[in-house]
Amino acid sequence: MNPFPVHRWSRRAALSRVALGFGGLAAATLLASPAGIAASGPTGSPLSPQPPRFRPRARRVIFLFMHGGPSHVDTFDHKPLLARDSGKPLPFAKPRVQFAQTGNLRRSPWAFRPHGDCGLWVSELFPNVGALADELCVLKAVHGTNEAHGGALLKLHTGSESQVRPSMGAWVSYGLGTENANLPSFITINPTLGHGGVANWSNAFLPAIHQGTRIGGGVPVDQATIANLTPAFDRPVQRAQLDLLAGAQREHLDLAGPDPALAARMESFELAFRMQAEAPDILGLQGEGEATRRLYGLDNPRTASFARQCLLARRFSERGVRFVQVTHGYWDQHSDLTRDHGRLASEVDQPIAALLHDLRARGLLDDTLVLWGGEFGRTPTVQGEDGRDHHPHAFTMWMAGGGVRGGLSYGATDDYGFYPVSGGVHVHDLHATILALLGIDHEQLTFHHAGRDFRLTDVAGEVVRGIMRA
Amino acid sequence: MIPARAIGIVALACASAATGVLAAGHWAFQPIRHPQPPEVPSLHEPLDRFVAHVLRQRGSQLAPPTDRRSWIRRVTMDLTGLPATAEAVAAFVSDDRPDARERVVDGLLADVAYGERWGRWWLDVARYADTNGQDENKVMAHAWRYRDWVVEAMNTDMPFDRFVLDQVAGDLVAAGEPEEAEAIRRRVATGFLVLGPKLLAEQDKPKLVLDIVDEQLDTVGRAFMGLTLGCARCHDHKYDPVPQRDYYAVAGVFRSTRSMENLAFVSKFNERPAATRRQAEAIERHAADLKQAEARLKAATTEADAALARDWRDALPAALSGDARVEARFAPMVARVEKLCSGTHGAPLRALQGNSRAASEALKRWEDALASEGPVPGWRGGAAQFHGTNRLEHALPRAATSSSWTYAAWVQAPSFPKKGETRRWLVSTAPNEWADGHLALVLDRDRPGAYANIGGGREKVVAAFGPKSSLQPGRWHHLVAVLAPGRLSVWLDGKEAASATAPDAPLRLDGTVVVGQRADRHVGFEGRMDALRVFDRPLSAAEIARMAAGDDVPGAVVSDDFDPTSPAGLRALEDREGAERFLGKDGLLEWPDDNARKAAHAPADRQRVAAAAQDLASLQQRDPGPLPLALAVADDVATNLPVMVRGSHLNPARDPVPRGVLSCIPGVPFETPPSSASGRLQLARWLVHPAHPLTARVLVNRVWQAHFGEGLVRTPENFGLRGEPPTHPDLLDWLASEFTASGWSLKALHRRIVLSATYGQTSVRAAQEEAPGDPDGRWLGRYPRQRLDAEMLRDAILAASGRLDRATGGTLAPWKNDEYVPADPTPFALPRRTVYLPVVRDRGTDLESAFDGANPSVCVARRGTTVVAQQALYLLNAPLVRESADALAAQVLRLSAEVRCDGLYQRVLARAPRPSERDRTQRFLSDERLGTLNDAQRWSLVAQALLASNEFTHRE
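If you read the protein sequences in the order shown, they are chains X and V. In case it helps, our numbering puts the first sequence at residues 1 to 470. In case it helps, our numbering puts the second sequence at residues 1001 to 1956.
Just so you know, not all the hints are guaranteed correct.
Said to hold, decoys possible - Simulated pairs of lysine-lysine, BS3-like, Cα-Cα distance not exceeding 27 angstroms: (1) X:Lys94 <-> V:Lys1205; (2) V:Lys1298 <-> V:Lys1598; (3) V:Lys1419 <-> X:Lys88; (4) V:Lys1298 <-> X:Lys88; (5) V:Lys1238 <-> X:Lys94; (6) V:Lys1468 <-> V:Lys1418; (7) X:Lys88 <-> V:Lys1468; (8) V:Lys1268 <-> V:Lys1238; (9) V:Lys1418 <-> X:Lys88.
Stated by the list, open to error - Short, incomplete list of chain X residues facing chain V, as computed with Cβ under 8 angstroms: (10) Gln98; (11) His195; (12) Val198; (13) Ile209; (14) Gln211; (15) Pro220; (16) Gln223; (17) Ala224; (18) His252; (19) Ala261; (20) Asn300; (21) Glu318; (22) Gly320.
Hints listed in this document are in silico derivations from the structure and should not be mistaken for laboratory results. Yeah, the Cβ is synthetic: ideal placement off N, Cα and C, and Gly gets one too.
Chain X on its own, in the form it takes in the complex (with noise of 0.2 angstroms):
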């Protein structure tokens, strides 16, 4: 296995500063594992699998990110009140700061009914999403601290919205490693490259082998990849190449005396190499039957692209990716509600019911925890003729199989979506449970920087006990 010969370095001396996994070995700068979890594994790479500190419900995340805010008194938070009050003006005080003025209460479009056993109310927007209802565990108290886009996608992202820090896919990279060495642990498709870009996948000071590996973003699904996948040669050319490079990396090494850092970025490009097959192979779809690929959508060009993106996630995640982040937009309707609302509905209602179905047929969905929503909600008060503003204030997320609850509403809002009355859940309080589901005490979670011990939860974050199944 190993291309070269073993020197007689002191091993021990080695691994407490290096470690192998996907991308090889990170080095003297980084911590082997996070405090309070032991190291383990043959390698003890960062990225081998650590066990969690207690009972995980989940193994790993899909996170279906609705970038720019779909607005919850038009999916998921019904309100009668808001119907019948319609126009006149909000009965109590507005937040002191927003991000721009909105007029009087104003009534959803679109008609709710409720679904399943559960009776959950979900409006005409989701049908095959709410058909699912009884799956779903609707959060619709959740609530952040920023009003515009960028700030508040930062923040839920990182936890942070003014100061840099790791992203919750990298921290739970960080807390859980990867179970499959030949992809990366945190993968993110079709992100926005605006709104903090590059900082809502970052690994900030984790080190850098948990940052998120980009697939696309800013160009159409279809043509996404992973930057310098794609060898210039076929693969036997580039197994030659490799060759000739280990013989003078042997060589070299030989001259330079023991190294396990230059060992490493040998063994580096063996990995590179195994993941040029595999990647390509789970972009390219292979093996995806004909009736797979309608029940997401493909077939149909409204829905095909967020139904390619959700069928990627699917493989990765089944390949064994920590956590998979896809993202559409863009739900930031300050007109056109309407006519816009209903688009984005319609491009992504089909394609993540499928997922779901499909995680479930497959026997993922129980240690796959999703979770949808966006940076913010929308004001149950109009913008303008037909749109609705921004809205941190509480706003709805839900999430599906990882252990949590089928079926549940958790939390609630007022009469009219405005401000949480019960349940409320901060952005902190659900990183704290998204990490608690896959068995990761957020408090524990931490990395030693600059003279402290960060979290993803800075010093809040409470679990939602209430959604976890016994």
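We have chain X; now place chain V onto it with these hints.
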């Protein structure tokens, strides 16, 4: 709603109760000593004696010196960030003069590449970038002046104390600078304070201001003092002796500094002119010349066009069959078209096409308009007829005030916009609904509406719409929009139909009111309007009722009854679109494109136009560019900040803290700033005071780290209680004190380090050596092999393949200032040195993300040194590497066959290949797996393997 905990950094672990006690003796806060170097036989350089002494105490010693080739490759990469050429290596290896090494080092320090390499080194802590990043990734098009200033400061070996002083307070010392260009440079240096990422769309503006202050303060703390001051924003620092009070003392200094040009909805960073008076005058003169030349061109064109228009008119009688009666009836149309032609529309080219069918149809339309429609009947007398494509503009008297406003008009239309159709604009003052500070009267879904966007730079859109189906097709309605302080209302036929709360802010008037269309020529009204009135005051309900009853209300700033009556056709000729629509594009009128029109000009006219255009073009070629600007700060109103309880600006303590510095640094004088000054100058002087225990130590440590991979203090960003203590405290202090004594010369420090025996050791580790007790290389018994950082790697690949463009300075960013970074920033393929490529925050390049580039959003005192598969993917597949390998292959193929392998190794590794390498290369070139690849492809693969090799990608 917003919990205080959400703001700022909050430390996690519990504080040690003994922090204060520990701090008192903390090594980094003690004065810098000048220790006596220990006696070590045969070593002269004090630096080496400190290192060797520690090694000896641990039963070890310095490793043997490295060979001459390795040494010059190492020092060249280290000092210039570029690989040593084969020629430079050969020259040095055969140079047996005793001062050969000194000559090499002095040459490298004098190379402009030195400033580029060490400039980049400083830009890491300066969190340099060309875009804002964060929430709104806007272009900072003038940031590069700061970068060029840093490179130049490195090359001129600007004393480091001055280097620090200028970045914190250069604008304040610039005033006393006799040489103007120098004063500008010192102002440019303060770009350091403006460069940070900002949450520009944060709508809680007081919080934004304090967040910016926090970012500046934290960067100053980390970059110069190795302290994490941001921790003290919310509470006394948990680990270091920085009470919250100290934080707000320093914060007051930056709060009294202007870093933002405005705090608009998306706020704007501060910029200041960076031109000398002569430059500014030249730019001004050029602008004036340009204006004149443009005016001359326009006059010539207008004159030539006017001739065309006259031709058009002269052709008219023929088209009108010479019938005087008809001609008379056409006179108003001709006059109107001529007026149009003399405006900005130029001339119609294909004028009256005699008897063409289209022409006669147009003429017939005209006749019909006159005959059947007659004057457009108005609510009273005549009216204006709008087709959606025409409009009217009314000038506003200069005296019109802008805080209250009323539009009133009678309106009739055959139909009104339905659901799903666009809103139609009747009267407005601004180009569109997004422009700040305007009011519009609109129609929407069978109802009247008023639409205002006001609020002092903030997007506050207010709309009031009357009830649906309140407008009847074909009926005259009286519509009024009133903006009064705090209230927007819309009135229909004398009654208030709707109202909304509005911010109390004035409109922004540009001198015109646009009627019948939005000013951008869209969403026009189709129907008639009469008795338009604009008032610069709110009308009362009684006044509105009176108007609706048919009376007039005096005092309007604009008043138009659309009388005397005019034919519909004439109204249609208000503008080019209307005229074309009415008269028919193919018949009577066609406005040609510029080229066709020029071609139609009379020869003499054409020459005049061409000459004027030539003048203008040559002036434009000498364009000195826009007035140069730079990111820079200025003093603002001096303000002492109170402690913000738990860091929340909503919760200030009662007493302001006087502006000041850290109380934990003893023995460094701080002059109390004058009450009107920010205190930045005093802060800067305090930072670079020779007695300051941190500034020199932190700097020397970072320089050491850049040479040896690790600093003497291995937490370069944290010299506080939670940082690591120095491995060689005596050496650190000795270097720091020598550094300040040398006049803070970085070049002298580099020279001392790279000429030392410690630096000159071999990196080779004997296979039997077990690194006793020193797995981390802390005790420096060997030169530590280091992977090239991202910039070095890219520059080295370009240089080795002969592709590197050594042009210096300037900006490569093609973007406009303050615009959003486009989706696909392109300039990264240019073969310039990496330091000159635009740094786009939150976009990252594959090079930076794979090779541990510095995150440009934060002060980075130390980069990661990871090995990840993306690095291998980059070296195997990235276009930059592949193109460079191709370039090398092309060069090698020009050599005769037997020296190709030699030529390649010399170019990439500056040495000849060993026999084993020759053999391996030969075997590869004939490897059957390569199939049908040609020679160039085969050699390119070999070259690429060398570029990817550990020998090439490491300093060793």
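Here is what the structure says about each hint:
Pair hint Lys94 (chain X) plus Lys1205 (chain V) holds up; C-alpha atoms about 18 angstroms apart against a cutoff of 27 angstroms. At roughly 13 angstroms between alpha-carbon atoms, Lys1298 (chain V) and Lys1598 (chain V) fall within 27 angstroms of each other, so this suggested pair holds. Between Lys1419 (chain V) and Lys88 (chain X) the CA atoms are separated by roughly 21 angstroms; this keeps the pair inside 27 angstroms, and the hint holds. In summary, the hint linking Lys1298 (chain V) to Lys88 (chain X) is not supported, as the alpha carbons are separated by about 56 angstroms, beyond the 27 angstroms threshold.
Between Lys1238 (chain V) and Lys94 (chain X), the direct Cα distance comes to roughly 37 angstroms. Violation of the 27 angstroms bound is thereby established for this hinted pair. Taking the CA atoms of Lys1468 (chain V) and Lys1418 (chain V), the gap is about 10 angstroms. The hint holds against a cut of 27 angstroms. The straight-line distance between the Cα atoms of Lys88 (chain X) and Lys1468 (chain V) is roughly 16 angstroms, inside the 27 angstroms bound, and the hint therefore holds. About 34 angstroms separates the Cα atoms of Lys1268 (chain V) and Lys1238 (chain V), which puts this hinted pair outside 27 angstroms; it is violated.
Only pairs whose Cα atoms come within 27 angstroms are accepted, and Lys1418 (chain V) paired with Lys88 (chain X) is accepted, the gap being roughly 23 angstroms. Restraint check, Gln98 (chain X) versus chain V: the minimum CB separation of about 7 angstroms is within 8 angstroms; hint holds. Here the hint on His195 (chain X) is kept, as its CB sits about 6 angstroms from the closest CB of chain V, short of 8 angstroms. Given the 8 angstroms rule on beta carbons, the hint for Val198 (chain X) holds: about 5 angstroms separates it from the nearest Cβ of chain V.
Against a cut-off of 8 angstroms between C-beta atoms, the interface hint on Ile209 (chain X) holds, since the closest Cβ of chain V lies about 6 angstroms away. Using the Cβ-Cβ criterion of 8 angstroms, the hint placing Gln211 (chain X) at the interface with chain V is satisfied: the shortest such distance is roughly 7 angstroms. A hinted interface residue such as Pro220 (chain X) counts as satisfied when its beta carbon comes closer than 8 angstroms to some beta carbon of chain V; here the least separation is about 12 angstroms, so the hint is violated. Annotation: interface hint on Gln223 (chain X) violated; nearest CB of chain V at approximately 13 angstroms, more than 8 angstroms.
A least Cβ separation of about 14 angstroms between Ala224 (chain X) and chain V goes past the 8 angstroms threshold, and the interface hint is therefore violated. Taking 8 angstroms as the C-beta cut-off, the interface hint given for His252 (chain X) holds, the closest approach to chain V being about 5 angstroms. Annotation: interface hint on Ala261 (chain X) holds; nearest CB of chain V at approximately 6 angstroms, less than 8 angstroms. The beta carbon of Asn300 (chain X) is not positioned within 8 angstroms of any beta carbon in chain V (closest approach about 24 angstroms), and the interface hint is therefore violated.
The restraint placing Glu318 (chain X) at the interface with chain V is violated, with a minimum CB-CB distance near 21 angstroms, outside the 8 angstroms limit. For Gly320 (chain X), the interface hint is violated, since its Cβ never comes within 8 angstroms of a Cβ in chain V; the closest pair sits about 15 angstroms apart.
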